[in-house]
Amino acid sequence: MAISFKQIEDKLKTEAKGLLETGKVSLVLAYGKGYDEKHPMPYAAKNAADAANIVFNEYCAANMARYLVRYPRGTKIAIAVKAADSRAVIQLIQEDKVKREDLVLLGIPVYGIKNFKTGEIIDSKTTGGLYNPVLYDILLGEEVHGQPVNSPYDVLVQYEAMDNEARWVFWKKEFDRCIRCYACRKACPMCYCDPCFIDQNKPKWGEKSPDSQGNLMYHLTRFHHLAGRCIDCGECSRACPVDIPLYLFHKKVAKECEEMFGQAAGMSIEDKPVLVNFRVDDSDKILA
Amino acid sequence: MLKKTSISEISDLAAQLMGKGALIAPVREEAGFNFREISDAKQVDLNFYNTIISPKSAFFPQTEDFVRYQTGKDILEATPVELNIKPAFLFGVRPCDVKSFEIMDIHFTGTGAVDPYWQKRREAAAIFGYAFDLNTPADGADFYSTLGIGAADPEGSDVFMIKKGDDLLLKAITPKGEKLLAEMSVLSDATPDDLNYFDDTVAAGRAFKTRFTCVEAKPIAKKFEDLFGNTEFWEKVSNACLSCGACTFVCPTCYCFDICDETLFGKGTRRRVWDACMFTDFTLEASGHNPRTKVYQRLRQKVCHKYSYHIRKYGPISCVGCGRCTRACPVNIDIFSIVDEAMKA
Amino acid sequence: MCLNNPYIPMPVEIIKIIDEVDTHDIKSFRLKFLNPEDEAKFKYLPGQFSELSIYGKGESPIGIASSPTQDGYVEFTVQRAGAIVPGLVTAALHDMDEGAKIGLRGPLGNSWPIEFLEKKNIVVVGGGFAFTTLRSLINYMLHKDNRSRFGEITVIYGARTPGLLLYKDELIQWEKRNDIRTVITVDKGDETWTGRQGFVPAVCKDVAPSPANTVAVICGPPIMIKFTLPVFFELGFSKENILTSLEMRMKCGVGKCGRCNVGYKYVCSDGPVFSLAQLEELPRDF
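Residue numbers (numbering that gives the first Met the number 0), protein chains in the order written: chain G, 0 to 287; chain F, 0 to 344; chain B, 0 to 285.
You may find that some hints are simply not true.
Which bits of chain F does chain B cover? Going by a derived footprint, with three or more residues having C-beta under 8 Å, they are [stated by the list, open to error]: (1) 113 to 119; (2) 290 to 297.
What follows is a list of derived Cβ distance ranges for each label pair [claimed, not checked]: (3) F:PRO290 <-> B:GLU114: 28 to 36 Å; (4) F:THR135 <-> G:TRP167: 35 to 43 Å; (5) G:SER211 <-> F:PRO315: 34 to 42 Å; (6) G:TRP167 <-> B:GLY162: 55 to 63 Å; (7) F:VAL185 <-> G:LEU155: 46 to 54 Å; (8) F:ARG67 <-> B:LYS15: 24 to 32 Å; (9) G:TRP167 <-> F:SER38: 55 to 63 Å; (10) G:LEU155 <-> F:SER38: 28 to 36 Å; (11) B:GLU12 <-> G:ARG72: 48 to 56 Å; (12) F:GLU231 <-> G:ASP153: 43 to 51 Å; (13) F:GLU81 <-> B:ASN177: 55 to 63 Å; (14) G:THR117 <-> F:ILE84: 18 to 26 Å; (15) F:GLU81 <-> B:LYS118: 47 to 55 Å.
Since the hints were made in silico from the structure, they are not lab data. Cβ atoms here follow ideal geometry from the backbone N, Cα and C, with glycine treated the same way.
So that you can see chain G by itself, here it is in the shape it has in the complex (with noise of 0.2 Å):
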């Protein structure tokens, strides 16, 4: 089954203008034009008007869920989610940065979204493997069937076979480029610390500079920030100008967090947040 990318852009557009129309909402998160057909924008269609300029491609990889934030809390929102997307409003209503009712969940069942950087088909390295939304209230077109269900650690096998000495080796190697530029922080929809922790002076916990001092500190951090919380959306490694792959860290800790707790983040608006929840029962294993 091929995805009608036309047929859900108008889905969407039909939706957002009914649902601005009614006053459900005042305002629909989803896609719009860029500077070319392959380059769309994230866009806020806040009138019945504005319906008419969203678009839907195969370059729509954008997560809108990080916009939810930005808007005061009790705004009436819909939102366009593909499967990764869906997990990241689960995830934020489980932090309580967002409620449910507020929300207007357009789900977009879809495969084969590319980096509009590198035209690269996202799947296989994110998106967790998943082809659905997990949460949705309207879903836009049939859900997907038939597609391989990887298992969205199987992208780690290379990474994995590494020991501990070659994994600092890569990393160092990785973040010594990094140029500090915040984008995949930004980008992140988890990421909405205000300020963030390397932005703080009193206590400072790393320098502003890009050496591998700061760069590791930095890093390492935010990967630990998201432990538990990291949906898979890619959204930080497709954000890097310098395409360091932050997703590999993300995945791995994603893993041993899902295979300690049983929990993978983002997955049902019952669940706590997997490090903020305790159990008897909880895995030990970190402690051994």
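On the provided structure of chain G, position chains F and B as indicated by the hints.
Just chains F and B now, with coordinates in the frame of chain G:
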């Protein structure tokens, strides 16, 4: 003076330049090309479109150490870091990036206080400009021709290079370039046919089009002055903006920096580090007041700085249309689309 | 390299610390240059500022509170920042004792436009902590070599409480002089306060200086400025004849680091002193 070499023998030229100073040229890396100091002449690879990060880092590195000190020790024991400048050859710079140096010169050395670091590095360097390949269309993000910069403009370079089939033509543009080319024994003399090709390419470069129609600085500057208070416009164009620093860090004309004290185990360095007007804490005052708390205010600052304030203060637009910011943007914000939209507003 | 490098601070010694207010969070630091050539080079006018520099902590832009007529030292009045943004430099400075050595970069920025002020009557209006470069200007104008260059001088200065008034000894001296009119007010007095009570804008209205050949120089918290300006407009002051000093976050102090712009002006190098007429030309981005 026009000279030539076979592109397959480019490493010989590189080696000869390395014998005279630091050679800084595009190097293929994981994510694409970047200007780096060459350690092995074979690294030089002219098979690039443009670098991810602009060549400004050759004169204005992301970190520049000012002073080293021991924490808790007397200020008199602190030692300013001496700039150890050797001749440098900045090799393979695209015409739009060459233009950026001229724009940065006005700010760093041409007006008010002189920045000694920019000045000394700039003086010690010779620029080897390199024409875009006119046989392949410009990247969709580029718009240098819109800003009046030709794809093969030699102005601003000391030596300008054009690819002709398997050969590389090198023309001396300044006396510094003349002297250099004369000393390069690996180069051979060009033919009259090469000279014609060179001149034709420069002319063709002027007709080479990137997107949008040409613009003039002053009407844009005025337009943005009028649009400053139009919050609706700025909120609309900044809706997608993540307020990260990717665009400013890859930009050849962004010059903002922070001055930081960084210490580790008692050893301290005062250094400057690139900063970005897109960061929330860029304008956060000690009093807690921040004039730019919102994303739209920060994007407005960036766009207006380049297309309005800079024109009013220094003359030229502070943008060369290299397209780096657009390519680097995680959400595809395109500065010239904003300018275009503003002119229509 | 050090010579003509605007980023390298000059070493100075703290020779005197004055605890200015009863909340003990504002102190004046009197600094002496350790190198005589630095001192000779440091020629400033009232209204300029400097970067106070402590290695390991950073730098903080502070207005010069002394007057160039005071030889042998330069003085800065510094508030300990930190309620919202931890102020590393000001905190470190406040913890220092006399004899400590720090760095100084400057003088930076423009100044109060002395030539423009000459032969005119001057009304100085200050609120709270923002009185430092005004004090420099007043002491400059009051100096015996300069007094005749200026017309009548009126000073209106207010603080929230008597204990928060800066430079108390000097205020008493000025009140005794007959070549300057000094009007001191506090928002709320205490049992010992016998002077005026009331907000600065109301006092300005009450004092009602004539706009004829007069320039108003106003510094204070934003809320004071907001309510004081209409009073001066009503009195008939033109926007060219109202001057103020802007605050923005600064780093380099020499117009290079790109941080403190308001429109096409850098506050650190084109300012910090602007007339209201100049400010109206700039976007409201401060």
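Here is what the structure says about each hint:
no.: 1; hint: 113 to 119; verdict: holds (count 3)
no.: 2; hint: 290 to 297; verdict: holds (count 3)
no.: 3; hint: F:PRO290 <-> B:GLU114: 28 to 36 Å; verdict: holds, 31 Å
no.: 4; hint: F:THR135 <-> G:TRP167: 35 to 43 Å; verdict: holds, 41 Å
no.: 5; hint: G:SER211 <-> F:PRO315: 34 to 42 Å; verdict: holds, 37 Å
no.: 6; hint: G:TRP167 <-> B:GLY162: 55 to 63 Å; verdict: holds, 58 Å
no.: 7; hint: F:VAL185 <-> G:LEU155: 46 to 54 Å; verdict: holds, 49 Å
no.: 8; hint: F:ARG67 <-> B:LYS15: 24 to 32 Å; verdict: holds, 30 Å
no.: 9; hint: G:TRP167 <-> F:SER38: 55 to 63 Å; verdict: violated, 24 Å
no.: 10; hint: G:LEU155 <-> F:SER38: 28 to 36 Å; verdict: holds, 34 Å
no.: 11; hint: B:GLU12 <-> G:ARG72: 48 to 56 Å; verdict: holds, 53 Å
no.: 12; hint: F:GLU231 <-> G:ASP153: 43 to 51 Å; verdict: holds, 47 Å
no.: 13; hint: F:GLU81 <-> B:ASN177: 55 to 63 Å; verdict: holds, 57 Å
no.: 14; hint: G:THR117 <-> F:ILE84: 18 to 26 Å; verdict: violated, 38 Å
no.: 15; hint: F:GLU81 <-> B:LYS118: 47 to 55 Å; verdict: holds, 50 Å
Of the numbered hints stated above, those contradicted by the structure are hints 9 and 14, listed in ascending order.
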